[in-house]
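Residue numbers (the numbering used here), protein chains in the order written: chain D, 1 to 574; chain S, 1 to 337; chain V, 1 to 394.
None of these hints come from the bench; they were simulated from the model.
Don't be surprised by glycine CBs; every beta carbon is placed ideally from N, CA and C.
Incorrect hints may have been included.
[What the hints assert, rightly or not] Going by beta-carbon spacing under 10 Å, a handful of chain S positions derived as facing chain D:
1. Met14
2. Arg21
3. Leu34
4. Arg43
5. Gln237
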Amino acid sequence: MSCGSNNCSCGSKTPEPQDPVKAYVEKNKSRTSSKLGFVQVSSSKVGSWFFKDFLGNMRITRVRVISQAFFFSLFVFFAVIADLRYLKGYPASLFLELDPLVAVATAITTHTVYKGLILSLILLIPTLLLGRFFCNWICPYGTLHQVTNFLFGKRDDLKDIESNRFRGLQQLKYVILIAMIVAAFFGSLQIGLLDPICLLHRSFTTVIFPGINEIFPDTFYVHQYYHVGAWFIGAILIFFVAMNVVIPRFFCRAVCPLGAFLGVMSKFAVWRIERDPNKCIDCDKCLRSCQGAADPHTQLRKSECFVCFNCIDDCPTDAISFKFMANPEHEVSNPPISGRRVFMAGLLGAGGYAVARASGASEKNWQKTVIRPPGSVAEPEFLERCIKCDQCIRVCPTNVLQPTFFEAGLEGIWTPILNMKIGWCELNCTMCSQVCPTGAIQRITIPEKTGVGDFAEQGPIKLGTAFYDRGRCLPWAMETPCVVCEEVCPTSPKAIYSREVTITKRDGKDGTYRRPYVDPSLCIGCGICEHECPVKDYAAIRVTAIGETRSDDRKLLMDGGDASNILDLVGRER
Amino acid sequence: MKNTEPIKMETSDMTRRQFMRQAVMTGTTLGVALAGGAYLWERKHFVPGFGEREGLSLPSFRVEPNTALPDLAVAHGADRKQVIRAAVDALGGINRYIQKGDVVMIKPNVAFDRPPALCATTHPDALTAIAELCIEAGAKKVIIADNPINSPTSCFLKSGLEAVANNLSLSMQYPESSAFQSLKMEGEILRHWPLFHRPFEQANKVIGISPAKDHNLCYGSLTMKNWYGLLGGRRNQFHQHIHSIISDFALMIQPTLMILDGMSVLMKNGPTGGRLSDVAEMNTVVAGDDMVAMDSYGYVNLLGRDNLDQLGYVHKAHDRGLGNKNWQELKLKEVTI
Amino acid sequence: MKANLRFPGIRLRKVAREEIPSFEQFLGGLILLLIVVIGIGIYVKGKIYDPHTYALDPAALESTRSEVLGKAATVVAEGTSERIGGVVAAAAGAAPVKVLPPMADGFNPMGDTEHYVPDTLFEKINGRAPAYLAFNFQELTTRSFTLDSAAGQFVDVFIFSMDTPKNAFGIFSMERDGSGATVDFVTDGYRSEMGFFYRQGNAYVQVLASDSSAAVMTPAEAFAKALAASLPVDDSGLGASLLPTKYQVANSLNFIQSNAYGLSLMKDVYEAKYNVGGTVLTYFAMDAGSEADAAAAWEEIKGYHTKYADVQQTGDVGGGPFIVSDNFGDWNVLFMNGTILGGVVDSSDRALSYEFVEAQLTGAELDYAEQAPSAAGEGTDAAVSEEGFDDEEY
């Protein structure tokens, strides 16, 4: 790819140059023209830019920019079409499925690679050959950082060269990666906190789209979406983006666990950036736009190089090339982290896991508000699978799905729960399960969710159970007719039924009211009753997580038995 | 500008040896990634909470039936240890049940942390009598295990069973969470449940010692109800279908020998009791391996009730062929000492 | 040369390398081609999907939404539209096949026509559904209308289709309001304080007004009439002819589908009240269909009266057996004649009851003066009959 090994005569005939760069350029002036003949032909006004300047100068870095623009647009496209109206057959979670860290970490926690996650091999295999090309060719979050740095960075060659030198800080991402992987071995999947794809999806879902919609109404939603704790997710996004001004691509170099993972995977890559020391004039200009801070001016740090090829473009002496089977003596193959630090990171992961579990939020001290989307696996397995990408939250047509803060424990931060104040779980909808890349929400069908047809025997998936707060319920406490809850109850037969009672009212007259009750064997916990309850601030009927079918420990009623309501149900036609 | 002097390097490409090494390493990682992906690929979804589940079931611990010997023994007397021995002897002696080298699991009822006198738990003397019999018969190891309602340590201590276990060097197993495995059976209600399985990893004989007690929900806690203590999980759900569950216990386990201790019977306010006035001296011990027969005998003769039709689980178990509720039809031997 | 370093409008920083090898350009082209292929691939993938399993049915969402909206609106008057929040753009399809149009002047539809079948009837009338299902309910068509003449008032129209006119009559008579006034536009129908109820063909129609004022009831009546005229007249299978019409109290005809008077063999019984010279009698008749069935039912009647009442007289009138029994002061005169069973039940006047039954069997003419029923007699009679009926049936 480089002309390093071409027949350009180097060394012997050169007169002593004052400035080595100038001399080199002078000497090679004769070769500075495109070799594609047709490009030179068309130089008229019309189309001259396209043919001559654009196509005719199709250097690899420009191809890279096009690739980045394409994949960033594709990412935004997927984020936009993750919506009931547009989703159709689009693989809205494709980037997450391509993410090898998601696949590997969930493989560690669950010993499986769920459905589309197998696509991560498409990324993993080229990485094993080419290095961390993903970071500067595909990663939309990387593109965001690069563009931010391009627009708001220093724009001073000397300062740039300094800011792109390798820093010890870059080993931080390996500490993060190792801690997360160790936690994964214990069954706690935390990579989603900082995995760039998860992070960016989450930011689009909870901050960027709702934010744009706030400023320009009706852009993304028919009605404004809200997300509990979105400010925190937004603050993190702003922090990482703004950090580019201080340290270029701070997130990619120092924080990104996916980058760290790909860096480790790059150890045996057979192509890499290689510097020809004989041509190198030690000007360090290759550092000017080096995205990864990978030391191309000396021994390349293979684990840090983003394969952006900027160093090749910036080298005034053609000393840098992308080389097949380059001499391993000229590289730093291993990630820049010592064995002791690896051990420390492992301790951090194990300790972090233990500390997070100690509050018991996923065990005995599970919270009533942690109502998971339909098709979710049992809570401990949920923590093994959920990567907090919040795609389910994006696609939910009623906005009922909300990111947690600490309801599901420290480990469960930003995982989806249902907030009936904002929405309800639509009976004939499994959108969240369709986009979940890891099977935390299994890809169930509507008959499986509602327990009809072939699934009548097993019955519907229950998310929880609704309970009345009779002190707040209008017919129960306030001599006022209501039973909206009964009317909106979507199950068949209805889980909410009412009994007519005649009471003596405060004024001494008789009044007849329908007072509602819940049949727990029929309630699926969809929460539409809670959402529709006119007692808006703190509904008179509320769903809690008890009775969810995903977990044996959290069932309310025992199955079977001749006195069982469930068997009664088989009698009644569903 | 530069922090370090540039490192001067060899310009030559990698050696043949280095090339081979690189190719092998890259190829290996590639192969591992592909093979791992193919092996771990989960192509189908499942519906969480539904579908077939894994689990194990318990074998029968009964000994060969012997028509020459009685099926059911009832012994009357004043001293608990002697009456229990008499009851076992009436069945043909402990050697009918325990052979040399056996590992015996004894399941007392230690559900509550109450002192022995209140008769809510298996009496220490009853445990002593049976454990001594087993040791005399040459048992290699005797295990005591139960999963009490109240705190296990406190239950074993207050019921006086821990002292017995220490005296006789019995192995006591607490219901640690790792001691449970998933049970799978075709009960009326009980299909999948966490089972306190660790004792069964070693034991080849199982003896239950249960006190006869009143029970406010299922009317009588006799021998079948004793096996409640083998289960973990959310047992509070059992109360939704208590008779079905108890009858399922007779399917879940067939013990080698069952001792129904009716020396002092908690006649009312069961299963916890709490007043000595609730306890009546009945001075009787029933032994056998047909829990259904023993329960109907005990309900009528020890708890002194005349409404056996109320004791739903006995009829459920009888109807499913798990025992004979008509204990009069069994070969019964009654002794008084 | 400088032009090479520019995109239009954006000035990029100058790079040192100016010469691009052709292999690099070729590779760049390949990569761009790959990107195009990826783009096309994703586009194609987006078009291929199984709408049934992958995406949910927007029409279903829409129907839930509209249903919920309409209902919740009755209590949470405003602000419910907010809950449409991002559900879906309105979807076509799932439009009701049959539409109930405004059938009188001044009526405006309040919403779509709703349809319910046996499986879904409870969604509309909830716990009342089993009563309708017992009479072989087929379909409910219902719609609400606002009125030009009375702002804020509305009229709900329910058309319950049963399988036969007989069953329509059954549910109609079961729900009958005894105080209702007979209407003239249908054979079986009455006007109650806030609505019209009638049977026409196999349909049981309820036209419910939101207010008892004339401003609402008058247009409601016009609607009820127009609707009745549009429904096919079909009285087939109705056995009301079993009962004499002379002296029959208007709007008193009942149909009891099964288990009449607590007797399991008493099926398809017609019952009406008769004002005979000021005394109100309740007379019933049923056609058992075959002599054997009639005999079995007769045995059951006899057995019941022997056991629970005091049989004072037995005998033969007009070729069939009869009994007269005293049930704590209430007289029953019962007979069997061929396949017909009948009689007077719970009467206060033994002689008159006997005379009435005898007249039915022999064809003799009774001649009593038209006279308003005695208040006391009517009151007790009606109460006993109503109560007994309700307890036995439901």
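Going down the list of hints, with the structure as the test:
no. : hint   : result
1   : Met14  : 5 Å, holds
2   : Arg21  : 8 Å, holds
3   : Leu34  : 7 Å, holds
4   : Arg43  : 7 Å, holds
5   : Gln237 : 5 Å, holds
The structure meets every hint from the earlier list without exception.
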